[in-house]
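I would like the entire structure built from these sequences, with the hints used as guidance.
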Amino acid sequence: MTEATGAPVLELTGVDTFYGRAQILSEVSLEVRRSEVVALLGRNGAGKSTTIKSIIGLVRPAKGEISFEGKPIQGLESFQISRLGLGYVPEDRRVFTSLTVAENLEVGRQPRRENAPEWTHDKLFALFPNLAAMSDRLGGLMSGGEQQMLTIARTLMGNPTTILLDEPSEGLAPVIVEQVAKTILDLKAQGLSILLSEQNLHLSTLVSDRAYIIEKGRIRYEGSMAELAENEEIRAAYLMV
Amino acid sequence: MADFIVSLLTGLSSAAAMFLVASGLSIIFGVTRIVNFAHGSFYMLGAYIGYTLVQAIGSTGIGFWAAVLIAAVAVGLIGVVMEILLLRRIYKAPELFQLIATFGVILVIQDVTLWVWGPEDLVGPQAPGLKGAVFILGKPLPEYDLALIAISPLVLLGLWALFKLTRWGTLVRAATQDRQMVAALGVNQRWLFTGVLFLGSALAGLGGAVQIPKGGADLLMDFNILAAAFVVVVVGGMGSIFGAFWAALLFGILQTFGIQILPNSTLVLMFLVMAVVLIFRPWGLLGIPESVLQIPSGPPERPLRPALPRVRALAGAACAVLLALPIVHLVFPEVVGTFTLVLVIEIMVFVLFAAALHFIMGPGGMVSFGHAAYFGGGAYAAALLVKFADAPFELAFWAAPVGGALLAFLFGWFCVRLSGVYFAMLTLAFAQIAWAFVFQDMPGSVLKTFGIADEYGAPLKITGGDDGLNDIWPSQWASARVSYYYITVGLSVAALWIMRRILYAPFGYTLRAGRDSPLRAAAIGIDLTRHRWLAFAISGAFTGLAGSLFLFSKGSIFPTTLEIARSFDALLMVLLGGVQSLFGPIFGAAALTWLNDLFSVLSYWRFLLGVTIIALVLLLPQGLAGFAGTRLGRRLRLARPEEMAT
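Just so you know, the sequences run in chain order A and B.
Taking numbering that gives the first Met the number 0, the leading residue of the first sequence gets 0, the next gets one more, and so forth.
Taking numbering that gives the first Met the number 0, the leading residue of the second sequence gets 0, the next gets one more, and so forth.
Treat the hints as calculated values from the structure; they're not laboratory data.
All values reported here derive from a predicted model rather than from experimental measurement.
Check before you lean on any hint, since a few could be wrong.
What the hints assert, rightly or not - Only pairs whose alpha carbons sit at most 25 Å apart, straight line, appear in this in silico SDA-like list of lysine to any residue:
| no. | chain 1 | residue 1 | chain 2 | residue 2 |
| --- | --- | --- | --- | --- |
| 1 | A | K70 | A | R111 |
| 2 | A | K62 | A | I218 |
| 3 | B | K138 | B | I260 |
| 4 | B | K163 | A | T99 |
| 5 | B | K91 | A | F78 |
| 6 | A | K70 | B | Q179 |
| 7 | B | K163 | A | R136 |
| 8 | B | K91 | A | G19 |
| 9 | B | K91 | A | R82 |
| 10 | A | K62 | B | T629 |
| 11 | B | K91 | A | L57 |
| 12 | B | K163 | A | L137 |
Structure below.
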């Protein structure tokens, strides 16, 4: 694994997020550097998805700062954040079921960006050969694995420089998880930065450079993925079910 | 045969306006989730603007069609103005709240139209080049009808291409399913919504403009088309343009043949067909089940909590004032006049009506668009008992709540199986059927078919049709103003208290559980349909009670008490007051009744009322009762700190 360097592309500092009166995130700080895959690990309900949603603007943090490529983005609307080159792959996939594969991709399309690889239908179909064969199929008629590939492809159509991947392995067969891992490494090789929220330690170990562990809305551990893989004690404390 | 074909073609041509308006309504609802009541007004504006433009430039064929198109674009722009100035600010308000805002727009447009074009019906000029008739098997058919027949498929094709082949159309279809995700993919929904409002409104305007040569323009067009358009949309399936197309054709044909069989009841025929369709296909002919469509919008409902001491004290004080008013009236008639007592009686009647509607709407999550059926239906039950059985007041009075409950029991059995907009539409359909039953004096007609008629062979007057039933007063002891005042206040306060008790009892919990999570409620063994049915009947009983109080305060009853407008009044009161609070309907009904009374002496009262409603919507997006949750309300200790308005 290459060691990423330079200033962080995505940085959270002291983020608090509430749902109504319930505090979900407390002083969450983390950073993702260029071409780095960072895992955000934690059990169900620990605050992984809320962290991701706070970044992309689907929920509003009450406190703290979020910056992307040096610019503050907290308080911006989702579409504005997305247009800065921050792609979001939601946890429950949220494929447009009444649209075809090609149309799903079209919804994600954005103008090309200078500092990001440019994606076309053909390039995406090369990355996800399954999708090429079914470009006229309705999103609602695809299997879970195919939908997961489609969601990633849809986000790539926005030519992002950084991707937020929310639990991509959820509900997928192990062989498909391997495919997701391969895709993540492919994207990293193309220079994309990725924040990966996961419960699946196996997938995270395969692809991540660094890892954070979140529990009850607080970051409890920060370190390289290799260290975490060695550290039985931490894993038992925060990740074992 | 020739007659049949010509009738069929006439039916197809009359489908054009219905299809255009309905498709616009459907598109707007699909994306914004707003039930746009002002849609009928856009149709009306299309006709008026089209009329003026045709007068100016429509002497040639090209000029005429240009005028029609410009009118459509102009109405589209009016829709855009409404979206930017009004809807944009309230997308996040609780569901259906936007409905009141569009209702305010209806009132404003009515008076603006009256002011600009005057009260006379305008007779539309004929379309140049299409003034003649073609002969089909020897029967004449106006050439313009052929043009109208061609318009619907052309527009359908255009819409299909727009939605299927353009990026904009793809985005709109995606947003119909998941707005949040579309935004997270970098699409600015704001312009998507504005575009949709433009398209939908322009379609309504086009519908109004193309029918000028056939129907001209008048001030009743807005409500007349609105009911028909809703029916078309629901029968076709919410959000399905093809569905709207087929449903419009069906109803166009039905209308043409219906006129020959049952004159002046074509609208009832439409509602009857809709009721049948919804009973067998609860999501319309080509629609998809509501559960798939449902997208969480707005914040979740807050749990109901016991009232705070300060709120209880205020409620007690209000009751004391109500009880003291007549005494002040007797002692100082110049301070509290007869008029005030009459107004308070009227307010209490509508407070009870609104609270009964809120009973199923708020905690039950069932939005009835046709609650006037139980208000007027109950009142008619009491009135008929007085007229034909000479029942004393003390007995007849209670016939109304019983009648309201029975009617709700009957209609409810069908309705409670549906949810959301489909539920609303079916209740509206039943209310229209009940209205027609009274308005066209169906019992009289039915008796006549059995040979029972008056001495001239005309049907007996049972409900009295348009003339209503008159001279129905309370007994001597209750007829004095002050006595009747105390009856009204006593009964309505008691009824409010009973409803509140029911909602805080396990039955109320069950109802709310079913509203918040039908699946989970069913999974823990609750027979939801039965609970909803029972709640509907209870609501019907209290609505009937309000009807009874209304009847005996006026001494007469007319079919207008069962009208759509009356149902909408009640709906407006509940929404304006705030669905989330049990006090909401009380404030809403009191405010609207009072405002109505205040403005009704003015010449442009609709405009004023409309503007007031819009202002209230913008200022208090949680309804009037939402005031408690504002900063000021919490400082006055009317709400708990956590019940802050969002």
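Contradicted hints - numbers only: none
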